[in-house]
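*Asks:* In the numbering used here, the protein residues as written are 1 to 176.
I should point out that these hints are in silico values taken from the structure, not numbers from a laboratory. C-beta: ideal position from N, C-alpha, C; glycine also. Hints are not guaranteed to be accurate.
Claimed, not checked - Computed Cβ-Cβ distance ranges for the label pairs, DEER-style:
1) D32 <-> E84: 33 to 39 Å
2) A67 <-> R133: 15 to 21 Å
3) R66 <-> A8: 37 to 43 Å
4) D17 <-> R37: 34 to 40 Å
5) R66 <-> R37: 28 to 34 Å
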Amino acid sequence: MPSEGDPASASYRLRLDSRPLAVRAALAELADCPPLRALPSETRDAAQILLAEVLNNCTEHAYAGRAGPVEVALDLRRGQLSCEVADRGRPMPAARPGLPCPVLSLREGGFGWMLIRALAEELRYCHEDGVNRLSFRVARTCLAAPEPCRCPRTAISPESGCESAPRDCEGRACSG
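Using the sequences and the hints, build the whole thing.
*Replies:* This is the structure we're talking about:
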């Protein structure tokens, strides 16, 4: 629900069952919730990818196919989206940010945690009193490919949200 007097603030809470079809329905509902609708498209895309990975991990790993409750809390403040997902499944040691994750040791389809780490900031995980709690902020990321070059000096506009220098059509940095 939007906060009074601050159009850049919104919160949303959702409780769902860990079954795959319930997760799919929850992801569709979350895609249209006020905090996500208020984000720029690149950040919204990153948030949706993160939520899909996290909720699918709850289903596949924490509950290992059994049904169980999952709670999602989204808070948008000053344009920054914070998320928390909680479940009562098995602990998920791969969620700990400091653990090494060698790419060659991953099974097929095992890139979820790498993706989560790449798109999330302030990633925190704990398992206390039988509850997994994963919280993170969605990184302000430019996921979209650069727009086609419209002008040799502004192939990537400063307004795009990318932190890279503008480049011309041949990839050279613009001088001004």
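*Asks:* Look at each hint and say if it fits the structure.
*Replies:* Now the hints, each set against the structure:
1. A hinted range of 33 to 39 Å for the beta carbons of D32 and E84 is inconsistent with their spacing of about 20 Å.
2. Between A67 and R133 the Cβ separation comes to about 19 Å, which falls inside the hinted range of 15 to 21 Å.
3. Separated by about 39 Å at the C-beta atoms, R66 and A8 satisfy the suggested range of 37 to 43 Å.
4. At roughly 24 Å, the beta-carbon separation of D17 and R37 lies outside the given 34 to 40 Å, and the hint is violated.
5. Range check, R66 to R37: about 33 Å between beta-carbon atoms, so the 28 to 34 Å window is met.
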